[in-house]
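Asker: Each chain is listed here by its residues.
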Amino acid sequence: MTASVANDMSIFSLVAGASLPVQLVLLVLILTSLFSWWYIFIKLATIKRAETSAEEFENAFWAGGDLNKLFDSLSAGRRKTQGMASIFEAGFKEYVRHKQQSRMEVSDVMEGARRAMRAAYNRELDNLDAHLPFLASVGSVSPYIGLFGTVWGIMNAFRGLSNVAQATLSQVAPGIAEALVATAIGLFAAIPAVIAYNRFASSVDRLSVRYESFMEEFTNILQRKS
Amino acid sequence: MMIRAYEKDVSWQAAVWALAVHLLLLAALLLSFNWKATPPLLNVAEVELWDVLPQSEPPVPAPLAEEPPPPAVKEATPLPPEKVEAEPVKTPEVDIALEKKRQALEQKKVAEQIKKDLALAQKKQLAALQAEARKEEMQNSDKLLKQSKANETLKKLQQEALTEEKAMADQSAASAKSAASAGVLDEYRARIQAKIRGNVNKTLCATANPELKFDIALLPTGEMAGLPRLLKSSGNKACDEAVERAIMASQPLPVPMDGLAFAQFRNLKLTFRPND
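If you're matching them up, the sequences are chains A and B in order. Be aware that the first sequence starts at 274, since it is given in my numbering, and climbs by one per residue. Be aware that the second sequence starts at 5, since it is given in my numbering, and climbs by one per residue.
Worth flagging that the hints you see were computed from the coordinates, not collected in a lab. Values in this document were obtained by computation on a predicted structure and should not be read as measured data. Where is the CB? At the ideal position from N, CA and C, for every residue including glycine. Some hints could be false.
[Stated by the list, open to error] Distance windows between CB atoms, simulated:
id, chain 1, residue 1, chain 2, residue 2, range
1, B, R8, A, T441, 51 to 61 Å
2, A, T441, B, D55, 27 to 37 Å
3, B, V20, A, P406, 17 to 27 Å
4, B, D280, A, M428, 34 to 44 Å
5, A, S286, B, L27, 14 to 24 Å
6, A, Y417, B, L29, 29 to 39 Å
Required output: the full structure, derived from the provided sequences and hints.
Answerer: Following this line, the structure appears as structure tokens:
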């Protein structure tokens with residue numbers, strides 16, 4: 274059996290010839306890799322979208338138009354506002370509402386608008402941070418899962434040696450090769466996940482700083498208005 | 005859920021991309037690695053060094069030399085009668101014919117003598133007749149020669165039959181050899197025991213020299229088909245296991261290369277005394 278495997282090694286025969294735990298490890302790793310790549314592409318798209326929309330909103334906001342008009346155009350849109358626009362919407366809505374009840378103190382109105390913006394900001398940050406913990410877990414754990422599969426496969430390969438009188442490399446080589454496939458797939462899942470996690474984390478940080486500075490600046494503008 | 009609401013519009017695109025990445029990986033694995041391993045051509049000759057050859061040859065000639073004669077004698081005795089029979093059967097006929105002819109000749113002669121008496125002038129004819137008679141006699145002798153030739157062919161046939169018989173006897177002797185050469189089997193058995201003994205940890209067996217019996221299924225290469233089966237224990241489990249380990253470690257066991265002789269070893273019942 275070993276000789277035939279050694280002579281005809283394809284990636285499929287290697288996987289088919291592996292023991293059940295190794296096959297399970299491979300299955301888990303392939304699913305993990307698929308999901309992590311899926312999330313990577315989702316996050317690439319959504320973060321890019323958040324950055325461009327923040328850019329557009331800042332341009333519109335600092336163009337110096339009427340805030341009421343800006344608010345109306347945002348809430349007139351069919352889609353729920355996202356990113357910086359939603360923070361602005363929440364803060365301005367709260368400010369206008371407090372303003373209409375004219376007996377309130379200015380500081381209370383500002384506090385209310387700030388809280389509303391803080392809540393919208395947290396919601397936005399939560400959306401931006403979505404799936405990043407998963408990518409971090411894949412990046413740190415999947416090499417170990419692959420290593421587990423490899424160690425298991427090599428253990429099996431060497432156990433097969435105990436039954437033969439003359440141990441040759443060709444008797445363990447196929448087993449080790451199929452075991453190493455597990456490590457390879459583990460690394461294939463982990464490396465992009467780690468790179469993506471680091472990139473997305475820094476992107477989210479920059480966006481959150483941008484949102485916070487917008488909140489501060491908008492608070493100032495509202496205070497000047499009131 | 006797995007994805008947020010605001011991510012739904014990009015999720016399909018992302019899934020397609022993720023699948024594409026994995027197909028790319030699979031293609032890279034298939035294309036960049038040459039998974040076909042060509043086994044290196046090795047000319048390995050296995051050599052077994054023995055200081056004493058098993059005494060298989062000397063005992064063999066003895067039965068061979070002894071056994072073939074009996075069948076030869078056996079076959080030779082019934083055959084000669086055939087020869088004897090064959091001759092009498094044929095010779096009488098010939099004799100009768102000869103005598104008939106002789107009688108005829110004599111009659112002729114008598115008649116001729118009468119004729120001589122009657123007519124001396126017919127001498128020439130008589131001479132011619134005599135010549136004829138001689139010719140006939142010559143022919144008769146030819147016939148006799150032919151008969152002897154026939155006898156010879158018969159003998160040849162008999163000899164061929166004999167040689168065949170001899171070959172048969174040889175074969176039976178060869179088969180008998182494997183059975184008869186118990187000495188060879190004992191030799192190999194002793195060789196196997198010696199090899200195992202070298203691997204036994206004797207300290208595990210008591211000093212009382214217990215006897216163990218193992219049933220070992222052997223392959224022609226001397227390796228075991230399966231594990232040795234313990235038939236008779238020494239009473240000491242550690243000792244049994246020590247001997248079993250020794251048997252496993254002694255592979256390949258020395259077995260005769262001869263297929264006929266090996267048949268005796270296919271299922272070897274090995275009696276073993278670790279302290280001999």
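Asker: Each of the hints needs a verdict: does it hold here or not?
Answerer: Evaluated hints:
1. R8(B) - T441(A): 51 to 61 Å: Holds, at about 56 Å.
2. T441(A) - D55(B): 27 to 37 Å: The hinted range 27 to 37 Å holds for T441(A) and D55(B), with Cβ atoms some 29 Å apart.
3. V20(B) - P406(A): 17 to 27 Å: Holds, since V20(B) and P406(A) (Cβ atoms, about 24 Å apart) stay within the stated range.
4. D280(B) - M428(A): 34 to 44 Å: At roughly 41 Å between Cβ atoms, M428(A) and D280(B) fall inside 34 to 44 Å, so the hint holds.
5. S286(A) - L27(B): 14 to 24 Å: 20 Å, holds
6. Y417(A) - L29(B): 29 to 39 Å: 20 Å, violated
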